[in-house]
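Each chain is listed here by its residues.
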Amino acid sequence: MTTDRFGAIVFTDIVGFTELTELHGDDLALELVEQQARTVRGLLPRTGRVVKELGDGLLLWFDELVDGVLTSIALQRCFDGPTVQSADTEVPLWVRIGVHWGAPRWRGDDIIGRDVNLTSRITALAAAGETICSGAVVDAWPDVGAPRVEFVPLGPTFVKGIAEPVRTYRIGE
Amino acid sequence: MTPAPRVTVTSRTRRVSVDAAGEGGIVQVEGGQARALPDGSFEVRGDRTGSGTIVVRCPPGSHVSVGTLTGPVETHGPLGEVRIVTETGKIRVERAERVDARTRSGSVDVRWCAGECRLVTASSHVEVGSAGSVSIASQSGSVAAGSIGGGQVRTVSGSIHIGLATDPSPASGLRVMSTSGGVEITVPQGSAHVARLTSSSGRIRSAVPSSAVPSSGEPGESPAAAAIEVRTTSGSIRVERR
Numbered sequence: 001m002t003t004d005r006f007g008a009i010v011f012t013d014i015v016g017f018t019e020l021t022e023l024h025g026d027d028l029a030l031e032l033v034e035q036q037a038r039t040v041r042g043l044l045p046r047t048g049r050v051v052k053e054l055g056d057g058l059l060l061w062f063d064e065l066v067d068g069v070l071t072s073i074a075l076q077r078c079f080d081g082p083t084v085q086s087a088d089t090e091v092p093l094w095v096r097i098g099v100h101w102g103a104p105r106w107r108g109d110d111i112i113g114r115d116v117n118l119t120s121r122i123t124a125l126a127a128a129g130e131t132i133c134s135g136a137v138v139d140a141w142p143d144v145g146a147p148r149v150e151f152v153p154l155g156p157t158f159v160k161g162i163a164e165p166v167r168t169y170r171i172g173e
Numbered sequence: 001m002t003p004a005p006r007v008t009v010t011s012r013t014r015r016v017s018v019d020a021a022g023e024g025g026i027v028q029v030e031g032g033q034a035r036a037l038p039d040g041s042f043e044v045r046g047d048r049t050g051s052g053t054i055v056v057r058c059p060p061g062s063h064v065s066v067g068t069l070t071g072p073v074e075t076h077g078p079l080g081e082v083r084i085v086t087e088t089g090k091i092r093v094e095r096a097e098r099v100d101a102r103t104r105s106g107s108v109d110v111r112w113c114a115g116e117c118r119l120v121t122a123s124s125h126v127e128v129g130s131a132g133s134v135s136i137a138s139q140s141g142s143v144a145a146g147s148i149g150g151g152q153v154r155t156v157s158g159s160i161h162i163g164l165a166t167d168p169s170p171a172s173g174l175r176v177m178s179t180s181g182g183v184e185i186t187v188p189q190g191s192a193h194v195a196r197l198t199s200s201s202g203r204i205r206s207a208v209p210s211s212a213v214p215s216s217g218e219p220g221e222s223p224a225a226a227a228i229e230v231r232t233t234s235g236s237i238r239v240e241r242r
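Chains U and E supply the protein sequences, listed in that same order.
Following the numbering used here, the numbering of the first sequence begins with 1 at its first residue and continues without gaps.
Following the numbering used here, the numbering of the second sequence begins with 1 at its first residue and continues without gaps.
In short, the hints are calculated from the structure, not lab data.
Keep in mind that a hint or two might mislead.
To be verified - Computed footprint of chain U on chain E; a stretch qualifies when at least three of its residues, placed anywhere within it, have a C-beta under 8 angstroms from a C-beta of chain U:
1. 53 to 61
2. 76 to 89
3. 109 to 116
4. 136 to 145
5. 174 to 185
For every residue, glycine included, the Cβ atom is placed at its ideal position computed from N, Cα and C.
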């Protein structure tokens, strides 16, 4: 295991995946997952990559914070609109996204540790179409040289397994 | 005039009750410890070993943020901006200028919100008495709103019941999306609403004129009409006048 370098950790998660699979079957579930993966891979900058696929979600890594946040915003714009079709069923692809700035431990190409757990937990706070980030993202956001992004505070947030509350923000348009 | 204070309350498991009945800039706390911060705001923490309710009394119009893991949160009296995040606690807001409230499984009940009311849950029931506009997202929980100006509501399987307020402006449209949840919308008699309703397999009934285009201002659409756009996959849609 190696330690150290900071980057943007991003989770994407299909909203209502279990219910949609139950309602519309495995073929639609497969198409939802594939469309999410295609969209993400199509928008990744050179500094970003898919760490791993997690059933109905993806764990992403970005060397640059700005790339992680801007890619998340771009992803939500892409997901807002198109529907996924399988046989005669058409459903929207709704995705929630969480972003955190941290230094996880590396195990080969995988990342693990508190920062990854925290990212997963704050992702669960997001509604379909929303991106939620931690206070670490806001603190590390460059004052100059980066596009203006609106970070709307949600207040102190307790997440399971982490003792102290963390600051969370909704990334606005 | 003293500006309304900002109050932040955190407690993992205890019930939090915020009462907008204080006077001046005074914030009083029972069952927790309050600390005044240099920027003029107040931070309230529940005693680690304590139990029971944390009661916070603050002036009307105060801006309040509350974070709990399992503790329920309720507010009484007129507040400014209210932000609540809890994992499983129930949420009840009596009166606020703006609301952002999130819970995984606790129910949400907002009685009156002047501006935007943004509510997010996974499986619990959401109820709004009256709001200027809403942004509500729930997976399987049902949504009921008595009187709103417009906004957006999304559920995966939860049912949706919306009452629209009188005198809509073209800007105060309503966008509702659900995959399998049924949608019922009630509009005032004589209001200038138009509807664009789409369901793959659900039944559609509407008492308002249909619109071929989703947004107002398009050719052929009345400039005075507020648009109701509803999309479901298998849920039924009913728009009626009260």
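Comparing the hints with the structure gives:
1. 53 to 61: This one is violated; 0 residues, fewer than the three required, reach chain U with a Cβ under 8 angstroms.
2. 76 to 89: holds (count 5)
3. 109 to 116: violated (count 0)
4. 136 to 145: That given contact holds, which follows from 3 residues of the region 136 to 145 of chain E lying within Cβ reach (below 8 angstroms) of chain U.
5. 174 to 185: Our answer is that it holds, as 3 residues pass the Cβ test (under 8 angstroms) against chain U, meeting three.
Of the numbered hints listed earlier, those contradicted by the structure are 1, 3.
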